[in-house]
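Chemist: If you read the protein sequences in the order shown, they are chains X and U.
In terms of my numbering, the first sequence has 13 at position 1, counting the first letter as 1, and numbering is strictly consecutive.
In terms of my numbering, the second sequence has 86 at position 74, counting the first letter as 1, and numbering is strictly consecutive.
If you're looking for bench data, these hints aren't it; they were derived computationally from the structure.
Incorrect hints may have been included.
Quick list of simulated restraints, FRET-style, between CB atoms [as the list claims (entries may be wrong)]:
no., chain 1, residue 1, chain 2, residue 2, range
1, X, 83, U, 83, 16 to 24 Å
2, U, 71, X, 355, 52 to 60 Å
3, X, 227, U, 213, 52 to 60 Å
4, X, 339, U, 70, 31 to 39 Å
5, X, 307, U, 70, 48 to 56 Å
6, U, 156, X, 200, 54 to 62 Å
7, U, 116, X, 359, 56 to 64 Å
8, X, 346, U, 156, 41 to 49 Å
9, U, 140, X, 340, 25 to 33 Å
10, X, 340, U, 71, 24 to 32 Å
11, X, 355, U, 353, 48 to 56 Å
12, U, 289, X, 129, 32 to 40 Å
13, U, 263, X, 293, 30 to 38 Å
Beta carbons are placed, not taken as given, at the ideal position from N, Cα and C, and that holds for glycine.
Protein chains: 2
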Amino acid sequence: MKHRSSLAIPRLGGTSMSIREVAKRANVSTATVSRAIHHDSRVNAETAERVWHAIRELNYYPNVHARSLASGRSHIAGLIVSDITNPFFPELVQGFAEAALESGYDTLVASTNYDAARTSLAIRRMLERKADGVAIMTSEMDESLIAELKNRNVPMVFLDVAEPGRLISNLRVDYADGVGTAVRHLISLGHRRIGFLSGPDNLKSARVRREAFLECLSNAGLAIEDPRMVTDGGHRIDGGFDAMQRLLALDERPTAVLASNDLTAIGALRAIRTAGLRVPEDISVVGFDDIQLAAFTDPPLTTVRLPRTEIAERAFECLARNMDLGQEDGTEPVIGTKLVVRASTAPYHR
Amino acid sequence: MKHRSSLAIPRLGGTSMSIREVAKRANVSTATVSRAIHHDSRVNAETAERVWHAIRELNYYPNVHARSLASGRSHIAGLIVSDITNPFFPELVQGFAEAALESGYDTLVASTNYDAARTSLAIRRMLERKADGVAIMTSEMDESLIAELKNRNVPMVFLDVAEPGRLISNLRVDYADGVGTAVRHLISLGHRRIGFLSGPDNLKSARVRREAFLECLSNAGLAIEDPRMVTDGGHRIDGGFDAMQRLLALDERPTAVLASNDLTAIGALRAIRTAGLRVPEDISVVGFDDIQLAAFTDPPLTTVRLPRTEIAERAFECLARNMDLGQEDGTEPVIGTKLVVRASTAPYHR
DNA sequence: CTTATTCTCGAAAACGCTTACACCGCGAGC
DNA sequence: GCTCGCGGTGTAAGCGTTTTCGAGAATAAG
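With the hints as extra help, turn the sequences into a complete structure.
Modeler: So, in structure tokens, the structure goes:
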């Protein structure tokens with residue numbers, strides 16, 4: 013028994029305190045130290061205090077790898093997003109990571125870049141690192157991949173894509189309501205020819221928004237006659253720019269447009285101005301998401317706020333329910349939206 | 013010896029393949045399997061093939077926690093940024109994570125939010141997760157914290173804050189050059205009264221940019237007379253807005269301004285327009301960073317491009333040199349900048 | 001044909017923690 | 001007076017790898 017590894021070979025990482033040193037110092041066994049650390053009620057209060065004292069004195073903190081190996085829990089929460097570069101996501105990541113941290117979880121972020129191979133790799137990483145739970149905030153997700161997680165009993169939470177089930181939750185954003193208030197806002201301003209800059213068709217949430225738009229319009233007796241009035245802006249600035257140009261080229265161009273997200277709206281803003289028109293005098297535009305930037309476009313963008321921080325927190329809550337409380341059921345909280353009226357919309361005139 | 017843990021208690025995570033099963037399947041010892049996995053040249057090619065075959069058949073992948081525990085290496089790279097919500101960072105995170113992934117590292121991101129407590133916590137997390145290396149892309153970093161990492165021989169790389177040393181690298185951005193070309197650009201357009209919207213004073217890089225600005229101007233014989241011509245925009249949109257308003261209120265307002273970052277410039281853009289003036293006809297503005305958004309402001313922003321992806325890749329390279337190649341020295345690559353001329357600058361007239 | 005090398009490989013210790021199980025007083029119940 | 005239960009604690013097995021050490025076979029050298 014020639015222990016003392018750290019003495020033999022000064023491994024990378026240097027000498028690090030182990031639970032044994034704490035045990036020795038506190039004059040107890042390693043088991044008791046472990047129990048004290050986990051606030052196990054079975055250890056005598058006095059003993060526990062002695063242990064904590066030693067811990068502080070030695071500036072000890074447990075080796076997470078050993079801990080994970082022994083306990084089977086990694087205390088890592090996975091978060092998969094489509095594109096961290098999209099301004100929608102950083103706040104989401106931040107909120108999630110923060111909530112996770114509060115519960116003692118580290119967050120492993122993966123950005124799929126809308127790419128199947130990367131997505132698959134992302135799941136693989138979650139599996140390898142043995143994430144205790146995974147939040148999947150992207151829709152490009154193969155069934156087989158989530159099956160892999162399901163098989164291993166990894167709790168999951170989705171954003172608007174899956175049905176809740178065992179260990180699976182889903183956040184449902186009330187897009188219909190959001191789109192509805194936006195459209196009604198436009199209608200109440202007197203607009204009748206309203207265009208829509210949709211998102212990529214393979215994105216469920218984008219489809220939902222478009223459907224909601226269409227339905228809302230026909231409910232108001234304004235059903236779209238020209239199908240070209242809804243056109244794909246790809247949820248990106250340049251896509252929005254192009255899409256808006258198409259709308260402007262129409263014989264009967266819209267007097268107002270609703271964009272499927274703010275990036276698209278920003279592109280539209282530029283296209284309109286480039287065409288020599290003014291917002292909101294000539295055309296009103298409303299976005300969707302309310303990214304931070306929306307308040308600083310020119311003019312400031314009227315948009316439907318999608319509460320990212322709330323989404324993030326709810327998402328982690330869902331996971332925590334399964335991870336910490338050991339519940340097996342999934343839930344489906346509804347996320348509300350809110351119209352933020354700024355200066356890119358105005359009454360229709362002329 | 014009652015092994016079969018996975019049979020006894022179906023732990024969370026389900027039955028997971030272990031190296032022993034592979035060994036059994038390939039008719040070798042676990043040691044050989046381990047060696048085969050690591051492409052150890054000492055294992056016979058034929059045996060290795062047999063092992064790999066078994067691995068594929070069983071869909072086996074190693075338990076990272078066991079691996080980390082035994083090897084002392086976590087294959088986790090830490091990345092600490094000040095604010096992931098700041099559009100400057102997501103690209104950085106993305107680039108870093110990507111580079112890391114290619115070398116088999118997962119990235120643990122921490123956002124300090126410019127807060128000392130959080131920063132301290134971030135370091136702690138890196139320590140606990142035993143990150144093999146840490147990239148520190150924020151300047152609010154206490155000496156004592158980095159000492160903690162240094163003690164444990166964790167390689168580090170900084171962005172413009174530290175001196176390189178043992179296991180410590182530093183990326184040096186050539187701000188002087190960037191600011192220089194921007195100022196010369198403005199001067200060549202005929203501008204003589206040039207204002208500066210600086211960043212927060214506690215940020216080293218912000219100070220450097222301001223100094224460079226001042227020096228560059230005096231080199232050109234245009235030394236600033238009115239100290240109010242350089243004012244703090246806080247590196248944020250609203251800060252830039254306010255700062256620009258202060259500049260506009262001056263008796264002799266500038267005909268061009270250089271902002272310490274793009275966010276500030278965007279705020280300035282709005283302030284100028286709000287004051288009823290036009291960019292670039294009345295005032296030219298140039299930003300710094302070239303965030304994605306800069307191409308889509310109105311007008312598109314002339315700015316100094318700071319290559320974030322390159323920074324990210326270089327940063328990881330620096331760490332990898334120490335982590336993988338085992339070199340002990342640090343380096344200090346210089347990161348160049350490039351002026352991107354768009355439409356927010358124009359010749360001075362009248 | 002023996003001895004020294006080189007190749008391959010296996011046994012088993014070690015990594016640092018968790019946890020099932022055993023154990024040891026000690027007051028309570030009969 | 002003896003068993004029972006229980007709060008507290010220690011012992012040691014086990015988590016799934018990596019890695020040292022040495023053994024055996026095969027090859028090279030003498």
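Chemist: Are the hints correct? Go through all of them and say.
Modeler: Hint check results:
1. X/83 <-> U/83: 16 to 24 Å: Check passed, 20 Å falls within 16 to 24 Å.
2. U/71 <-> X/355: 52 to 60 Å: Distance hint for residue 71 of chain U, residue 355 of chain X holds at roughly 57 Å.
3. X/227 <-> U/213: 52 to 60 Å: Distance hint for residue 227 of chain X, residue 213 of chain U holds at roughly 54 Å.
4. X/339 <-> U/70: 31 to 39 Å: 32 Å, holds
5. X/307 <-> U/70: 48 to 56 Å: With Cβ atoms ~54 Å apart, the hint holds.
6. U/156 <-> X/200: 54 to 62 Å: The hinted range 54 to 62 Å holds for residue 156 of chain U and residue 200 of chain X, with Cβ atoms some 59 Å apart.
7. U/116 <-> X/359: 56 to 64 Å: Holds - the Cβ-Cβ distance for residue 116 of chain U and residue 359 of chain X, about 59 Å, lies within 56 to 64 Å.
8. X/346 <-> U/156: 41 to 49 Å: 46 Å, holds
9. U/140 <-> X/340: 25 to 33 Å: 29 Å, holds
10. X/340 <-> U/71: 24 to 32 Å: Taking Cβ atoms as reference, residue 340 of chain X and residue 71 of chain U lie about 26 Å apart, which means the hint holds.
11. X/355 <-> U/353: 48 to 56 Å: 29 Å, violated
12. U/289 <-> X/129: 32 to 40 Å: Because 50 Å falls outside the window, the suggested range is violated.
13. U/263 <-> X/293: 30 to 38 Å: Check passed, 34 Å falls within 30 to 38 Å.
Taken one by one, the earlier hints fail for this structure at numbers 11 and 12, listed in ascending order.
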